Every structure is written in C-alpha cells, then in structure tokens.
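Residues per chain are reported as follows:
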Amino acid sequence: MSHPPVPPPPALLYCHCQYAQVVSPEVKAAVLKKLCESDLPFEAVPDLCELSARRDPSLKRLAAAGPVKIAACFPRAVKWLFAAADAPLPLGATEVLNMRTRSTDEVLASLFSPELRPNLPEGKVTAADAPASAGASADVNHPPS
Amino acid sequence: MALHDLPLRVVLYEGSGAESVDAESRWAAMNALLERGFAVTRAGAERPVSPADATPMLVVARWQQPPPDSADAKVRWGSLDPATVAEQAEAARAEFSSPTPGAWRPWFPVIDYDRCTNCMQCLSFCLFGVYGVDPEKRIQVQNNDNCKTNCPACSRVCPEAAIMFPKYKAGPINGDVVSDSDLNREKMKIDISSLLGGDVYSLLRDRSERARSRFGKERDSDKALAERQKCLNKLASLAADIPAEVLMSLPSPEEIARKAAEASAKAQSALADQSPRTAPTT
Ligand code: SF4
Ligand code: SF4
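Just so you know, the protein sequences line up as chains A and B, in that order. According to numbering that gives the first Met the number 0, numbering within the first sequence proceeds without interruption in unit steps and concludes at 144. According to numbering that gives the first Met the number 0, numbering within the second sequence proceeds without interruption in unit steps and concludes at 281.
It is possible that part of the hints are untrue.
[As the list claims (entries may be wrong)] Here are the simulated DSS-like cross-link-like pairs (lysine-lysine), alpha carbons at most 30 Å apart as the crow flies:
1) A:K59 x B:K147
2) B:K168 x A:K59
3) A:K33 x A:K59
[Claimed, not checked] Reference excerpt, derived from the structure (chain A facing chain B, CB under 10 Å, subset only):
4) Y13
5) E49
6) A52
7) D55
8) P74
9) K78
10) T100
11) L107
No wet-lab data here; the hints were simulated from the structure. Keep in mind it's a predicted model, so treat the numbers as computed, not measured. Ideal placement from N, C-alpha and C gives every residue a C-beta, glycine not left out.
Take these sequences, add in the hints, and give me the full structure.
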C-alpha cells in the first residue's frame, strides 16, 4: 500500500523590521537568536516593507517556496505587502506570526511547531459584508488571555 | 532611488566543503547583515529556502578548501566572519550596483483589496501622485516613494479602511483587524470634511485665497506665513495625524488647486470607465 506523499516542512522567514521600531527589539532579538541556534535553514530579510516597496523579486521567490511561516507583523499587512509586489502568498499554506502583538514564547512555539496553521485573511470583505468577521486572523493576533 | 534594481542576497553556507559555525557567530553575522539592510539566507538541507534566481549573491562560509571558481558572474565568495561580513556585503553590493539598503524609509500605502471597493477617494485626495489606476481601471499604488513619511492621511479618507501603513502605530491602519467602530469613525471624518466645505483641499484653497487678498494690502510676509500656518493647522485638525513637516511642504494654493483638479479628473475618468468591480483577489 502506498502512503500519500509527506508535505515538505514549511519554509521559515523572519522579518527584522529594520526601518521602524514597531516590533519590540527584545522579541526580534530573541526570535532571531533561537532561529540561529536551531540549525534550521531559514530566510531573514531586513524589512519586508522595503522589499515590497521595491517590488523586490525575492518576494516572488519566497512566496513560491511553498508552505511558509513568517515571523513579522499583522497577517493582513503581510498578505498585501506580498501581493503589492506581485508575489501573492499561498492563502492556505501561510502562517504569519505577529511579533507586534504576541510574546516571544508564543512566536517561537508556533515557529518551531511542526503544525502549520494558515491564517491569512481570505476573501472579499467590505462594509456591505460583515465587517465583524473580517479577519480570519483575529484570534491569531489577539489570542484569548 | 531606483526601486527596481536587483538587491544583493547573502547566503550563509555551512554545507560540504565548509565548517559548521557556532550559534553565537551565526547570530552575530546574521544580525550584522540585517542591521545593514541585507537579506540573508541560511542554507541547509532540512527545509526549503528560496531558489537561486537572477539576484546577485555573496556566499559566505568558513571554507575548508578554496571556494569553487565562480562560473556565475552573479556570485561572489566570502568568509563567514561576523566582524567583517557586513563590509564584505557592502563591497559586493557596490560591485553589482545593487540598491543601497535603507536609502529610503519604506513608508507607503498598502491596499487591502479584500476591502477595497475601487471608489477612488484615495486617488482624488492624494496630492502627491502616489495613486493611479491600472489598465483595468483598478486603484493602484504607483509612486510609493512620493508618499510623505509618517503621513497616513489617505487611510483616513478610505471609507472601507482598506489602506494600511504597516509601520503605523495603531490599528487598523497598521494592518490589524478592522472593526465596525473603525468603519464608523472613518465615515464620520469624511462627513466632517464635507460639512466644512467640500473637501479639505478646497478648504485650504479658500482660506489661502482670503489670506492672499489681505496680504496684498498689508504686504506683510510674516503675516502671510502666519496665516498659511493657521490654515495648515486647520487642515491638521481634520486629519490629526498629518505631520507638520508634510503640511508645510504642501505646494502653493494654486498648485494644490491644479493637482486636486487633476487627481479628481483621473478618479472621475476611472470611475466612469468602471465596468463591474474588478479588484484583484488572491
Ligand atoms: S512587514 Fe511588518 S514587521 Fe516587517 S518591516 Fe513591515 S511593518 Fe515591520
Ligand atoms: S479609498 Fe479605499 S476603497 Fe476607495 S479606492 Fe481607495 S483604497 Fe479602495
């Protein structure tokens, strides 16, 4: 009997948010340190916003790498930063870990967990729809305490 | 700054032919590179990283033998030494004429097309030509380096809270989830500005006109400046987040009138041409 192919582990991408102080320096430093200690391959970018503004081709590369976990900021922002560079992230295979709102431990636990929990907001949402359900990511940004 | 040049990619290599590196040195090298604005890949077999492409690369390692001769003109080899790695990257960047990282602070609007209804209010509002439309008449951010640093004013006029500035301090402009109350607040702002005379730019124009006729008589440039400042403060109170430097760098009232008319015409023409909404989804 043949087994279904095992999906590749998600790629890891870390954003250093270099050109603004919106991510706590402590969280950034701790996440980067643990990644460096982990022996896992990963990508690190100085500032996703700058890459998006530049329509940097590396975003296409990163978006095309398959399932991915991204340590950065709000999933809605990350989704549209990639889209603005014509590099849409795979909706069902991207988990964004918000270093602006989550603790270092929470970010690290999700980053190194074998499970991928996709959380990009999906689909059209306007005032005519139901704004309260706008973010599939609401619980991810603000997990219940 | 040329926004489309290819940036340098630095690869930390610890595979065959190179020593593996202790975690502390790896972190120090990585951190030094990121702080100087370089993208870094830590390559390895356990997980995918993004493949090589046309981007120029500097591959740094603790080589056990001389690195291979580079057949690829876009690849340079270096040493994985945390103390010098950023300088090596800087030299490679200069050699490839890659863009200088950090030359421009990345402050620009990002449109959430899940929310956008293509109403063109942002295009009519922005005087700096940041917005435009694509061939299908969809709103688009076209000149993001024209955007005024720290000015999130256009996000305030968007009725759908669809405009984000990811580096802004608060939600939903920073990308946080949009709530009902956010939408109501945005609507109210627009109502206030229309009550005060159409839009904030016509308000600015009118006040400047009045001020100008008075200055004509008084020939007092200090008072002219004071009146312009007063007028700008009024504008600032309508969109409390607009930094004073941005307000002071606004063009002359005549120029504002011209640009506002141009932007509005562009928006009207895009709206007129609009067939059923075609905002992209991903
Ligand atoms: S994507 Fe988020 S974390 Fe990354 S640079 Fe932009 S604001 Fe900072
Ligand atoms: S104002 Fe908002 S909804 Fe209207 S076109 Fe601009 S981004 Fe889209």
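- Item | In rising order, the numbers of the hints this structure does not comply with | Result: hint 11 breaks, nothing else.
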